[in-house]
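**Student:** Sequence:
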Amino acid sequence: MEIALSLDELRQLSLWSADCAERALRFYEAVVPDDRRPREAIEVAREFGAGGNRTKAIRTAAWAALKAAGEVDDAAAEAAARAAVAAAGSAYLHPLAAATQVKHIVGAAQYAAYAHELAGRDPEAVVKWAIDRVPPVVRDVLRRYPDGTPPGSSRLGELHRQLESALRQPSPS
Numbered sequence: 436m437e438i439a440l441s442l443d444e445l446r447q448l449s450l451w452s453a454d455c456a457e458r459a460l461r462f463y464e465a466v467v468p469d470d471r472r473p474r475e476a477i478e479v480a481r482e483f484g485a486g487g488n489r490t491k492a493i494r495t496a497a498w499a500a501l502k503a504a505g506e507v508d509d510a511a512a513e514a515a516a517r518a519a520v521a522a523a524g525s526a527y528l529h530p531l532a533a534a535t536q537v538k539h540i541v542g543a544a545q546y547a548a549y550a551h552e553l554a555g556r557d558p559e560a561v562v563k564w565a566i567d568r569v570p571p572v573v574r575d576v577l578r579r580y581p582d583g584t585p586p587g588s589s590r591l592g593e594l595h596r597q598l599e600s601a602l603r604q605p606s607p608s
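Residue numbers (the numbering used here): 436 to 608.
Hints were generated in silico from the structure; no laboratory data involved. Honestly, I wouldn't trust all of these hints.
[Claimed, not checked] Under the rule of at most 25 Å between Cα atoms (straight-line distance), these lysine-lysine pairs were calculated in the BS3-like manner: (1) K491 to K502; (2) K563 to K538; (3) K502 to K538; (4) K491 to K538.
[Stated by the list, open to error] Simulated restraints on C-beta separations: (5) A492 to D557: 30 to 38 Å; (6) K563 to R494: 29 to 37 Å; (7) V572 to G592: 38 to 46 Å.
Here a beta-carbon is modelled for each residue, glycine too, at the ideal position from N, C-alpha and C.
With the hints as constraints, model all of the structure from the sequences given.
**Tutor:** Shown next, in the form of structure tokens:
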């Protein structure tokens, strides 16, 4: 079964994801100040969100940021680069009705919070920030996907469940 997704919905998801990823970008840039790959992934997500086309450049930037994550020898910096990967990847959320697709919705916020935690900062502040700023349409998109993220023992998995659960709730008025 497929889930209907409009380009406008994907654009709003990409903008929010880019904002979430940018919250952690400093951890990457502090370690590798001359490597722009994660920043470029966030920038292309923003360009798409602002009305640009979904092009190969988005995927290329996401792959480059993923390579950057694999090359850095700092856990917080790696998580920050992975947040950027998730931001760029959000433009390509699959319309498959599978709980596994939710990671493409919450991934940037999840990794940004994790980067903060690994850097000795408060991850809950990032989670709260992401939840407070999520566009209602992103909540609506998330609710179209089945829940049921399997329980896991990792901290990253717990952040995923926390974000998914909160975003499935109605928007506070």
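**Student:** Next step is simple, just say for each hint if it's right about the structure.
**Tutor:** Going down the list of hints, with the structure as the test:
no. : hint                     : in the structure
1   : K491 to K502             : holds, 16 Å
2   : K563 to K538             : holds, 18 Å
3   : K502 to K538             : holds, 19 Å
4   : K491 to K538             : holds, 21 Å
5   : A492 to D557: 30 to 38 Å : holds, 34 Å
6   : K563 to R494: 29 to 37 Å : holds, 31 Å
7   : V572 to G592: 38 to 46 Å : violated, 26 Å
When each numbered hint is compared with the structure, a violation occurs for hint 7 only.
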